[in-house]
Amino acid sequence: MSEIEQKKVDTLDKYRSRERDSDRKVRVHLSLFDRTKFTSLFLITFLVLVWADMADNPILSFNDALANTFNTRWWLVALLLVEVIRQIHFALAELLSKYHGFWLRYFKFVDRQVHRLSDWTRYRLSRVIKALLFVALLAVILGAVYNETPVRALFFAPKALWSALPMLGQLLFAVVFIVIQFVAMFWFLSRGGIDTYFPDDIRTRFTDVWGQDHVLNRIRENLLFLERPEEIEKHGGYVPGGILLWGPPGTGKTLMAESMAGETGKPFVFVDPGAFNAMFFGVGVMKVKSLFRKLRKLALRYGGVVVFFDEADSLGNRGNISSGGPQRFDGKSQSAIFGDACHGGNYLSESAVSILAREKFVVGGAGGGGGGGGMGTLQSLLTELSGLKKPRGFFNRIVRRTLGLRPKNPPKYRILVVMATNMPEALDEALLRPGRIDRMYRVGYPSKAGRIRTYEGYLAKVSHSLTEAEIDKLATITPYATGATIKDTINEALITAIRNGRTSITWPDVIKAKQLKELGPSEDVEYIERERHAVAVHEACHAVMAHRVRQHMAIDLATIEKGSDYLGMVASIPPDDQFTRWRTEYESDILVSLASLAGERLFFDGDNSSGVSGDLESATTIASLMEGQWGMGSTISSHATARRFEMGSPGGGKGGKSKGDTQANMRMALADRIEQNLGLLIVKAEEILKKNRNEVLALAHALEIHKTLSGEDVAAVIDGTVGSIVDGRPYKEKALLAQIERYHKAAVSAHFEHRTPDVEIPHI
Amino acid sequence: MLKSPLLALRSVPVVIAIAMSFLLSSCGSATQQYPAFKKEGVYFAVPNNWHEITTKQLNAQEALATDADAKDRAAMVQWQVAYSTDKAITPAEVFNLNSVDAPVVLARVRSLFPDESNSVSNNSLRNMVVPLTTWVTEPTATTPVYEIFDDQDRIEKGARGVRTVFSFTLHGEKQSIDQTALLSPDRSTIYVLLIRCSSLCFEKNKAAITKIAESFTVRGNK
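Chains as they are written, first to last, in the working numbering: chain A, 5 to 768; chain P, 332 to 553.
Hints were generated in silico from the structure; no laboratory data involved.
One thing to keep in mind: the hints can contain errors.
Capping the alpha-carbon separation at 20 Å, the derived lysine to any residue pairs in SDA-like fashion look like this [as the list claims (entries may be wrong)]:
no.	chain 1	residue 1	chain 2	residue 2
1	P	K370	A	A148
2	A	K41	P	M351
3	P	K542	A	I63
4	P	K542	A	N67
5	P	K505	P	D482
6	P	K369	A	A148
7	P	K369	A	D57
8	A	K521	A	T500
9	P	K370	A	A164
10	P	K418	P	N429
Okay, chain A solo, but in the shape it has when bound (with noise of 0.2 Å):
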């Protein structure tokens, strides 16, 4: 080793990390400056002083001059001799351990002592005494000035100003008129978009957030911990300080952050969306920075405050290239592995999952930024929720600091932070990270006891004669009902019943209604008979595919009442939750969307229109994912992986290397066992219709006859039993069938030569 290398590790060992105020045995030494400061400057404001005296008087010595001011000024001398007392007490505890071991424990004691008092009465009493304390000075310098008593000089101030106003008001003017333009316009860009309501202004309570019971139990326990703090920090800990409420619009989370203002007993901030968008850099920044002085004003005075920042999304992110992270994902570009789908990649290590993670979204990089807040304003924000804890207030730090205490650590600012959005993605990863949101929930559709409960609460408010087990049906055939959706619908039934003369909603009332909600209004469209017959025909088909062959889903509804975009259909809905989904399933569906093509070529002699054309892209596209992607084909691997490295698919797949591959490679290559499946599917399709004819056409009967028709009607007419409108049992009678068998052969010939069927449609 080298001398001076030797000499290097010398020093470094020789270094001393700098020592914690607690470890130090005697007090930190003053630089020359910080000794000699307040004494220069008492000593030059008394030259001042004194030269002033001879200024007034022009006879006066220099050494009577010094000796009236140290008469009339004897509070500067004493003011001088307590510095030097101070600075002598300084020298000591530089130099005596003891000494200043005992100043210290002094302090602690009186610290001790000062911190009896709760931070909102010391807040009180420090505005109290600065208010004070700057009037007294004020008083002392206009003393001076007015060669009066400064509580006589208090009351000569404003007259003087008032006389040196026009003089003022020209030096001014100039730089008035420039600056105030800013300043004014300012001022008024960074005013608004925040509400303060205090309590018992709203008087929304948790009572009257429906279906939500969850994240209501959550939200109740932060607003517990923020009311009695103490409970959770006198055991170490501290008050969650942000909640995260997700979800899809209309579930209810501005009414949840409503019924905690209305709930809580301390302020709530109400924040818009838009109140962080400004014309001018740095607007933005000023108002979350005096946003958040007034939340901690709150928070001082009133122990708390609860911050709500609706729409959350507004307030933008810097993009995906600043996250990283594997929990990002944005909506267009969502990959299956974090889907909800299945267990995404929490089986995975988190470096696994990081690769994949970065492999799919760091190609995005910055292109998501912007948002609302922009040009600063989110950072602002990241900063104002968990930045320094550094001291505030002049007393705190320049008072306490000239004196020789150390500034106070800031009290704990109790401020809840409550952000809502229905596009988490496109918060900032920053944001969410706890000691800034905390706690995050998801605000989902509400579960089945939830709805039946707002349905009642809404029906509560109307007359009805709904009873309970309908209001129960009516809950599980609308699963993914909101607060919002429910509370339209019984509005919607309302006015139906309304308009049909009563003022109370009939069972009817609300299926009609739910029905105008999900379908729209039909369009009013009297198909020609052949073409009614032959839309009826199809829908027939989807459901009696579905009544016999899918499990998972029951059928909502039937109807060939043309809407805006369909001729007709058959609309199904999962009985319960369910979070999985599997093969059989899958290719159910297939088997549903396929009855239709199957069942135009069964009936209509091997012709068919081209309305299959939807139902035959989403049984391809179910059919493809199955094979590519699900692992329910004949291979295994991810269709989904090998196109990201472009490796091509087993046989080859799309955007695979296959065009000069072999004839048996070509067979094998995706989309031909696409097709493979698909071919084997309607062949299926086709048998259990034939199976079926006399099903189909009894129920195309029905919807010819009805238009539309509800789920259980639907099964009625299948199954030959009692529905809610239908009654099925005829459906079952040969003599019925016969006819129908007759006018469906008449229409099919009548479609073939396209004329009216010449007979006509059986009536029951």
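Keeping the supplied structure of chain A fixed, place chain P upon it in accordance with the hints.
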């Protein structure tokens, strides 16, 4: 770099020394009193051991006069103050011309009536207390014995006039007066400093009296 504690502490005595030297040098009281009428910029200095007869006392004494225009004249007095080495000197003694055995100094600022303002001259300034000019130019049998020691123009920043030092005998007692009478440039105000006592006493206190007279400074109305 860490300074040694002792090196850092070296500044403490320096600070203390500077502070203390200032405090000590300025402690104690002023050597002189500085009565002043700042509105008209009138200043003079009298030794510390002289006793003040306040403006209030003097005004009260003047208010006792009963003749017709006494009140009007008293109203024209803006400021007056008197000092004497003798505590026993009364306000009445300040104003009458009887000889006193202790030096009395009277400073007075008075506005002039329009006719006074028109007729005022250096001679009339000399005649402030006794008709000195008349004694000189038109001596009569009744003219008392007098002697003028000094008579010179006095030009101040805010006024000009004359300073006359003279003695005369009244009721058989000889007394001396050091009289400075100045007139403002706009002829609206006169500034008078009058120091008098018996000639014997005057001689004895000549140095102090001269010093007071010379300290008389008029800056004028700002």
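K370(P) paired with A164(A) [C-alpha distance capped at 20 Å]: 18 Å, holds
Hinted pair K542(P) and N67(A), Cα distance within 20 Å: With a Cα-Cα distance of about 17 Å, the restraint between K542(P) and N67(A) holds, given a limit of 20 Å.
Hinted pair K418(P) and N429(P), Cα distance within 20 Å: The given pair, whose Cα atoms are some 17 Å apart, holds under the 20 Å limit.
Straight-line alpha-carbon gap K505(P) to D482(P), limit 20 Å: Distance of about 19 Å is within 20 Å: holds.
Proposed proximity, D57(A) with K369(P) (alpha carbon, max 20 Å): Roughly 12 Å between the alpha carbons, so the hint for K369(P) and D57(A) holds.
20 Å limit on alpha-carbon distance, applied to hinted pair K41(A) and M351(P): Between K41(A) and M351(P) the Cα gap is close to 16 Å, so the pair holds against 20 Å.
Restraint status (C-alpha distance of K521(A) to T500(A) at most 20 Å): 12 Å, holds
Distance restraint between K369(P) and A148(A), which requires alpha-carbon spacing of 20 Å or less: 16 Å, holds
Restraint status (C-alpha distance of K542(P) to I63(A) at most 20 Å): Since the Cα atoms of K542(P) and I63(A) sit roughly 12 Å apart, the hinted pair holds (cutoff 20 Å).
K370(P) paired with A148(A) [C-alpha distance capped at 20 Å]: 17 Å, holds
The structure fails none of the hints (numbered hints given earlier).
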